[in-house]
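Protein chains: 2
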Amino acid sequence: MSLPPHVLPVRLEHAYRLLNHGPTVLVSSAHAGRCNVMAAAWNMPLEFSPPRLAVVIDKSTLTRELVEASGRLVLNLPPQALADACFAVGSVSSRELAPAQDKLTAFGLERFDMPEAEAPLVGGCLAWLACRVLPEPHVQAAYDLFVVEVLAAWADTRVFEDGRWRPLQDIPPALRTLHHLGGGQFWVPGQALQAAAPARP
Amino acid sequence: MSLPPHVLPVRLEHAYRLLNHGPTVLVSSAHAGRCNVMAAAWNMPLEFSPPRLAVVIDKSTLTRELVEASGRLVLNLPPQALADACFAVGSVSSRELAPAQDKLTAFGLERFDMPEAEAPLVGGCLAWLACRVLPEPHVQAAYDLFVVEVLAAWADTRVFEDGRWRPLQDIPPALRTLHHLGGGQFWVPGQALQAAAPARP
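Going line by line, the protein sequences match chains A and B. Under this note's numbering, the first residue of the first sequence is numbered 379, with each subsequent residue one higher. Under this note's numbering, the first residue of the second sequence is numbered 379, with each subsequent residue one higher.
Simulated from the structure, these hints should not be mistaken for lab results. It is possible that part of the hints are untrue.
For identical chains, the list gives no copy identity; a pair is met inside one copy or between any two copies.
Claimed, not checked - Below, in silico cross-link-like pairs of lysine to any residue (SDA-like), each with a Cα-Cα straight-line distance of 25 Å or less:
id : residue 1 : residue 2
1  : Lys-437   : His-392
2  : Lys-437   : Arg-578
3  : Lys-437   : Phe-485
4  : Lys-437   : Leu-390
5  : Lys-437   : Pro-576
All of these numbers come straight from a predicted model, not from anything done at the bench.
Just chain A, with the same shape it has in the complex:
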């Protein structure tokens, strides 16, 4: 129940900034003694404050079952160092595991727990957003689309501090975000730029 080294809470009004640039996340969930984790490139912010997000969770997944039962999930931002595990939990179904096994354990992911989250937080990630589902039965059924509200967030201060990502050159490549193209192929940020302030026409 204690934060890993380097990790601090993120103010709720800054939580959307963790996802604004389109990283792939890991969705962790738990219910009635079972837990699971899957990868989700299909996520986006929906609202600054209250901080709301959208994420797609397919009907065939155990995550869907656990999230619908618990009404809770955690979005974890994996760093480049966890690319293999991210691809593994995104392509192997929990249905392929032995009955007592869970995907975090099966793929060597560490976990920790926080009181605000009713699902495991994946160790070694860059940031974590503990969320509750805002029930929207129609879009959940029609599009596998879940609207969630962030209840608490944390980030590794080596990459994100005082509500902002650190300058990219100060973030070691192993701690940069993953952006999934498909089939386990990822792009990782390598260049930062500041656009010019627009001239008001």
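Here the structure of chain A is known, so what remains is to put chain B in place on it, guided by the hints.
For chain B alone, kept in the frame of chain A given last:
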């Protein structure tokens, strides 16, 4: 009504791959002789086939008015070379322009038209997805969330061909995707990696 050099159609079942890694897009729209463009970091794929996407369009925008009236929009993927224009159309409202002006013209963006799209395509972009709105009045009103279906897509073959992004090292930095952090600050992909195939546990 003709494609720019290097541009070819993208098969509909590959269209989601243009957005899977989380790039910021430009949303263009038109209705009754008016047109507009705005930036949208908040977008994601929803379904492979039929290709469906989600995008957030704030109630205060002219884009919202045009999209609700026409039921159509185009998502354009701006390259790094258009970062200043992307920030400008994302931070200056069309309400600030003279009545006869449109944001494409005001910010020096070229445009072309395609029969499948009832909105202008922004010149110099990497890819274009012509979409129709699937009416979802509740989530449009509650979350500014639009569900759209891709009717046609095109990409610059210097970056995306045969349904896949080219190897990153073959894409010049000026033609890489933009990932908005906020305030005109962008990260651009600089490293590619292939995760190891997972061992079935």
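Structure-based check of all given hints:
Taking the shortest Cα distances, Lys-437 and His-392 sit within 25 Å of each other only across copies (21 Å), while inside one copy they are farther apart (30 Å). In this homomeric assembly, Lys-437 and Arg-578 come within 25 Å of each other (Cα to Cα) only across copies, at 22 Å, whereas the closest approach inside a single copy is 47 Å. In the homo-oligomer, the alpha carbons of Lys-437 and Phe-485 lie at most 25 Å apart inside one protomer (22 Å), although the nearest pairing across protomers, at 43 Å, exceeds that limit. For a Cα distance limit of 25 Å, the shortest separation of Lys-437 from Leu-390 across copies, 23 Å, qualifies, whereas the shortest one inside one copy, 29 Å, does not.
In this assembly of identical chains, the alpha carbons of Lys-437 and Pro-576 lie at most 25 Å apart only when taken from different copies (23 Å versus 44 Å within one copy).
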